[in-house]
Amino acid sequence: MKLTKTLMTTTALTVAAGMAHAEMADSLTLVSWGGAYQASQTKAYADPYKEMHPEVEIVWDESSNEAVAKLRAMNEAGNITWDVVDVVASDAIRLCDEGLAMEIDPDEMLAEGDDGSSAEDDFGDLLVSDCFIPQIVYSTTFGYRTDMVPEGAGAPDDICDVFDTETYPGKRSLEKRPINNMEWALLCDGVAKDEVYDVLGTEEGQERALAKLDTIKDDVIWWSAGADTPQLLADGEVFMGSTYNGRLFSVIEEQKQPVAMMWDAQVFDLDGWIIPSGLPEDRLARALDFIMFATDTQRLADQAKYISYGPARHSSAPLVGKHADLGIEMGPHMPTDPANAKNTFLYNYEFWADYRDDIDAKFQAWLAK
Amino acid sequence: MSDAATDPDKIEGPTPDNALRAADQAARPEKVLAADGTPLKRSLNRALRMQKMRALLLIAPLLLFVLLTFIAPIADMLFRSVENQIVSTTLPRTTAALGNWDASQDPVPDETVFEALYYDMFLAAEAKEHTKLGTRLNYEETGISSLFRSSGRKLDDIGEDRIDALEDLNETWEDAAFWFALMSGPEGGEKDAALLDAQRERMAELSGHSYSGDIGFAPAAAISALLPRATRAYTAFAIFTAIDDGDVVAEEEPWEAVKIALSEDLRDPDSISALEDYSGPGAAELRAAQPVMADMPPLDFRQAFLDIDEDWGDTDNWQTIQIYSPSYTSGYFLNAVDMEKTPDGPQFRDEKERIYWLLLKRTLFMSLVITGSCILLGYPVAWILANLPMRTANLLMILVLLPFWTSLLVRTSAWKVMLQQQGVINDVLVWLGLVDDSARLIMINNQFGTIVAMTHILLPFMILPMYSVMQTIPPSYLRAAKSLGATNWTAFWRVYFPQSVPGIGAGSILVFILSIGYYITPEIVGGTTGTFISNRIAYHISSSLNWGLAAALGTILLAVVLILYWAYDKIVGIDNVKLG
Chain A
0 MKLTKTLMTT
10 TALTVAAGMA
20 HAEMADSLTL
30 VSWGGAYQAS
40 QTKAYADPYK
50 EMHPEVEIVW
60 DESSNEAVAK
70 LRAMNEAGNI
80 TWDVVDVVAS
90 DAIRLCDEGL
100 AMEIDPDEML
110 AEGDDGSSAE
120 DDFGDLLVSD
130 CFIPQIVYST
140 TFGYRTDMVP
150 EGAGAPDDIC
160 DVFDTETYPG
170 KRSLEKRPIN
180 NMEWALLCDG
190 VAKDEVYDVL
200 GTEEGQERAL
210 AKLDTIKDDV
220 IWWSAGADTP
230 QLLADGEVFM
240 GSTYNGRLFS
250 VIEEQKQPVA
260 MMWDAQVFDL
270 DGWIIPSGLP
280 EDRLARALDF
290 IMFATDTQRL
300 ADQAKYISYG
310 PARHSSAPLV
320 GKHADLGIEM
330 GPHMPTDPAN
340 AKNTFLYNYE
350 FWADYRDDID
360 AKFQAWLAK
Chain B
0 MSDAATDPDK
10 IEGPTPDNAL
20 RAADQAARPE
30 KVLAADGTPL
40 KRSLNRALRM
50 QKMRALLLIA
60 PLLLFVLLTF
70 IAPIADMLFR
80 SVENQIVSTT
90 LPRTTAALGN
100 WDASQDPVPD
110 ETVFEALYYD
120 MFLAAEAKEH
130 TKLGTRLNYE
140 ETGISSLFRS
150 SGRKLDDIGE
160 DRIDALEDLN
170 ETWEDAAFWF
180 ALMSGPEGGE
190 KDAALLDAQR
200 ERMAELSGHS
210 YSGDIGFAPA
220 AAISALLPRA
230 TRAYTAFAIF
240 TAIDDGDVVA
250 EEEPWEAVKI
260 ALSEDLRDPD
270 SISALEDYSG
280 PGAAELRAAQ
290 PVMADMPPLD
300 FRQAFLDIDE
310 DWGDTDNWQT
320 IQIYSPSYTS
330 GYFLNAVDME
340 KTPDGPQFRD
350 EKERIYWLLL
360 KRTLFMSLVI
370 TGSCILLGYP
380 VAWILANLPM
390 RTANLLMILV
400 LLPFWTSLLV
410 RTSAWKVMLQ
420 QQGVINDVLV
430 WLGLVDDSAR
440 LIMINNQFGT
450 IVAMTHILLP
460 FMILPMYSVM
470 QTIPPSYLRA
480 AKSLGATNWT
490 AFWRVYFPQS
500 VPGIGAGSIL
510 VFILSIGYYI
520 TPEIVGGTTG
530 TFISNRIAYH
540 ISSSLNWGLA
550 AALGTILLAV
560 VLILYWAYDK
570 IVGIDNVKLG
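Here the protein sequences come in this chain order: A and B.
Residue numbering for the first sequence follows numbering that gives the first Met the number 0, starting at 0 and increasing by one per position.
Residue numbering for the second sequence follows numbering that gives the first Met the number 0, starting at 0 and increasing by one per position.
Worth double-checking, as some hints may not be accurate.
[Unchecked claim] Calculated lysine-lysine pairs in the BS3-like style (CA-CA distance at most 30 Å, straight line):
hint: 1; chain 1: B; residue 1: Lys131; chain 2: A; residue 2: Lys69
hint: 2; chain 1: A; residue 1: Lys368; chain 2: B; residue 2: Lys340
hint: 3; chain 1: B; residue 1: Lys351; chain 2: A; residue 2: Lys368
Derived from the structure by calculation, the hints contain no laboratory data.
Please put together the full structure from these sequences, using the hints given.
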């Protein structure tokens, strides 16, 4: 398998280098998250690609949620059925570590930016793993019910309002995992923003964060699916809750619920493509051809017409326009918009790759008690 | 069964019976023969064997199916819970060298361990296996994941000055063909086949795939004796280049590790003295390089690793590697019961990290409650179904079966809508004035919600076996009991109920075993107090990828179910279970 993998890589390089007449498979299996996000990818990437190559049959699989486990199982069984997989950056790093994703040479395999910058410069810091092809920047942030803001109190605009049940009574929904929650807790426990991870790396810091979360434990509904918080907000079950900003956009603008965004201390994360290692030659050629097309400047900007996630290329930012159906300007709804990005975090991949198992064990034990 | 006292064989002495049988036996030939002259026994066996074979062939598809899709995966899962070969296959020489290390004497292992680590890690990094090991060890000691990942990238820089000195001396040391000639020796010369085979095996263990096949290279025996380290490293390089990269060995410049190995060889007194007699390819270049290498300061692998990352000086990291060196480990099982492997033997984890024992108790308790509430709700329904006329019963049966045809997620989500604070039930209670608007009941995201939703979902599994058992109880028994003067309650309790117990038993076993392994419903409506141990298993399978721990938890769950099943058999009797 290793041999084929390496052979594939070398062939891939030649293919990408311009041998456009190489044999390409006629089917392409894309894996994504389903819902509005996958719909935006279909409209921005898959449909135009299909128009250019009518012979290609594009199959979607909504398995990104368990992509890492499934790819590992496929690899052990020696039968990879996926061609291009949409995963969050932390999963891409793990897939790369496990040798389950193929390494990418951005300048060889990805299109140049419209402004002439090389792919590597255009994506910049967002290339967080050798295997990862960034697509969007999204953020995990809070939304709140505007009709449940207590009289006399202003709208919540500070992350610490989440922990302030005196001023803002009512339930909150938080994700049932330590990532993000621990950072917010420390931030509101008086830790300076640039010291958060130093503190969180220590036993005392972890206990401190859990102690802070303990103050609101009885007021929290813990979610595990991204759709939970929008539902809880729409039903009035919670006053405020964290989720992905695109989900909140849809609650606010598409479903017209009395909900507003609280962008303070939003945590940026990346989502993008990986190509599984060990694909046969023809399928790999097709996957690379698709990736080259689907991650160019215009395509990334197009996706922002359908969902409020920021394109991962610098060169795409000026091209972001209006929502395709609602006709509203998408810029102000992007997590990267200067007005929204006054106080932000970037998901610390290195830290969580190390501490994920340890802190998760403590967090779950704390939750269960 | 015959009574012992009247059994003819037991009565000795001259009875008429015995006399007759004795006469029979005397007249009987040695063996009874079939019509064709073969002994009857053999002939019968042959006929039966054919039948048995046919029966076996008939069940063979099912047997194979069960073996392949059920027994084999379970066995594989059980095996994963103890398997731990990744450490010794990725770092074979390091773990061997670590065998003598005693953390209480020396907080950080000595130079030999670090030297072995360098060659092991270099090969592992080329094969991209080192990050897998990092992930594995990170389950035990936080921080090893990034330690391995970052070190893999920087290994090329170790001993740069030596490589520069070598290449400054003579550019031929950068020449792939020269290296190939040096290591292959003169044409027709003796080869070190043992080394080649050993390295093939080592690579196969590392990467998990075969490295057999022609690689167009074999190390010369002479060079292998003269430069043992370099030849070993070059052989690994050659195998990797030919099989994994699919390149020609003679056209590829060897790895940095090969050159470092050569420089170490050239400083070795044994090699220095042997070099004088060496006359194979590259002899002149080796002799020229030898004094230069010998004059360079010794290479401190330990310091080099500490420069890459100071965590290589952390005793805990090394102890973790040492503890997890064996191919099989009890570590996963210890983790699954809230313990951990330490240098001083297994110890309980910190109070704040214990979770699995709590979850196991909770899973068992809640499964029992769910089974109990299924019995309470299901028994009357089954009774009514069994006693109604067939037409009506069939109609009602559809209502019981209806939930089976609805998606599990839909049913669970429906309970969410019903039970949440702004949900149907609370709204009705508030509207009726039974509950104040500000004090709405919390009925979901806790144990209560999980029990309600799971009881509803599992109820058909209780009703169906109860119903089919109750159908077989003749109604005349009850009437007979009453005609003999029993009250309604006595007739039910003494006559009807005992006969329906097998149905309760079957339903309870079904519901209990199903609920013990449930995870979707508790995940959605369980909140923090209503989650089961299966939720953690699912987390370790799909999120943390700690399959060993998931396997250990699964094995424990399986063992608990088997023990309970055994206890049930002892107390109630498994013969007493009927599905119809």
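Each hint tested on the structure:
Taking the CA atoms of Lys131 (chain B) and Lys69 (chain A), the gap is near 16 Å; set against the 30 Å cutoff, the hint holds. Of the pairs offered as hints, the one joining Lys368 (chain A) and Lys340 (chain B) holds, with about 24 Å between alpha carbons and a cut-off of 30 Å not exceeded. Taken as a hint, the Lys351 (chain B) and Lys368 (chain A) pair is honoured in the structure, with Cα atoms around 10 Å apart against an allowance of 30 Å.
In summary, the structure agrees with every hint in the numbered list given earlier.
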